[in-house]
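Colleague: Each chain is listed here by its residues.
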Amino acid sequence: MTALTTTFEKLETGIEGLDQIAYGGLPKGRATLVGGTAGSAKTVLAAQFLAKGITEFNQAGVFVTFEESPADLRRNMSGFGWNISEWEQQKLWTFVDASPVKDQYTAVTGEFDFGGLLARIKHAIKETNATRLSMDSIGAVFSQFDSAAIVRRELFSLAESLKDMGVTSVVTAERTHDFGEISRFGVEEFVADNVILLRNVLEEEKRRRTLEILKFRGTNHQKGECPFTVIGNQGLALLPLSSMELTQRSSTKRISSGIETLDKMCGGGFFQDSIILISGATGTGKSLTTSHFVNDDNEGGRSMLFGFEESRDQLIRNAAGWGMDFAAREKEGKLKIICQYPETAALEDHLIRMQEAIDEFKPTRVAIDSLSALERISVVKNFREFVLSLSGTLKRREIAGLLTSTTPSLLGGQSVTEAHISTITDSIILLRYVEMFGEMKRGLTVLKMRGSKHDKNIREFKIDEHGLGIGKPFANVTGILSGNPMHVKEQELNRLETIFDDGDHRR
Amino acid sequence: MQLRFLRVDFSTQTSAPGVPMSEHYFKLYVMGSSSRSSSAIDNLKSFCEEFMPSNYHLSIIDVLEDPKSAELDKIFATPTLIKHEPPPVRRLIGDLADREQVFRILNIDKPRVKQ
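If you read the protein sequences in the order shown, they are chains A and B. The opening residue of the first sequence carries number 1 in our numbering; numbering runs sequentially from there. The opening residue of the second sequence carries number 1 in our numbering; numbering runs sequentially from there.
Errors might be hidden in some of the hints.
Okay, derived cross-link-like pairs now, DSSO-like style, lysine-lysine, Cα gap no bigger than 30 Å in a straight line [as the list claims (entries may be wrong)]:
| # | chain 1 | residue 1 | chain 2 | residue 2 |
| --- | --- | --- | --- | --- |
| 1 | B | Lys68 | A | Lys28 |
| 2 | A | Lys122 | A | Lys102 |
| 3 | A | Lys102 | B | Lys74 |
Just so you know, the hints here were simulated from the structure itself, not pulled from any lab data.
Working from the sequences, and respecting the hints, build out all of it.
Modeller: If you want it as structure tokens, here you go:
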């Protein structure tokens, strides 16, 4: 039974994230069917498979097009930074143009086979020593010939010949619906061994693109849908959640929050690789806490601030009001502020941009103000994936991440953002309004601090020209977090403190 | 019958070479020496002999031997017949067994054929 132990070799595609969820790449020497509805980026994937082979592995490829002309493809794909004409000259990319011959009337009489196509593909592969092959899209063959039975038979023999040629191929096929049968015309039976599905689903007025590996015969892969986005200069970029494996190293190094008292409350500061959530209603001082955080660099690193609510100038002006000179720090290269309206891009695109910016600037601290602003541009499922991917990104790079979340009500309360994020955060700091005797005071508490002791008090804090100043714990007050602060008399408090004591101590 | 050819030209014209005197010019793409290939060749030859004797030029190209020509002519299926002359250019895919259909699609001028 040696056959059972045979492991299929995989060919690294070079497409970001795909190799990760495919556990190494596409099955080598075999064909993978890529099914998707119109506009699901099938052609981009087929072209990217060849482009990455050329740019990253110096592997030549052959592109068989049944639908678009090579001229159209060269033009359409140039937006991704792929100079196909140049590769064609270098014999790295070869087109086999099997698109319909438009200027000549074509009729069918009697029996035929796909010998012409097969000979051309074989020739192109031999000529350039190609190891990769893309065919886009196979459904178009059916519209060129009336006899579906012959087409099916011939595609089958084509698939068989491809196996003998030893190339790893991507074959695209149309689907009529995002859910349901794998492809039109039942072509999947020819390349049934490996199937990838691309989906482009409209959900709550938002497009959500996902890639799912349905099956890889004889070899393992990650199950379920993986969100992706199509971006310029790259093509498909997958955002696999598997990158969230809990294998990150854990740091014991502490960094300062930028606020001395807060560091003390946290037992000596935040951990270098932790994710910190700051939760509070509007105006409680979240942006200020963020500013303190990015203004500090006791670990000798750099900070990055992503603003989704205020413009650069606003942020710099606000910081100046608290005695922080962001402009100067930016000049020194200690800080980088990137501001964007959440609505300018889809959540996946924001994530990719943020990852790119982080990799370019290599900060040790990243602050995002606020996550709630990003939440409004997406559906719940997407948002959760976004937060997971983002924290994975930060943790892998051992960056301290500070995220802010706006609570909907002024007093107490919890936001939807927190429900998705609280379990993956290492520390949670609550900023709350406390109404007492007709006066609005602000309270701060460290709710959670993974791996460390922390101060359990709710302390009052004030905001002045030096920023945030934390004072004493609220005395004789209960119900702050629930939004109903109540002043309690001294005797009452003493009684409350003793109600959990056992009888021996009671006098 | 052994059919191995790179390109076989059947020309019945008697004029000087290089001058296309025949009124009918066909290219037939086949693959290897399959029975489908030979029957397409036979069908086409007998068709030409019947309707345009001594007035046709026929190139037979094996895609396995000459894939470059197949690429240039964008040959998908085999056999494929391309009628270059007289215009308009037409393509006919299949073994050409149905003579009536071939005749109709190639749109050969009947009175001329009768000559």
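Colleague: Hint by hint, where does the structure go against what was stated? Just the numbers, ascending.
Modeller: none
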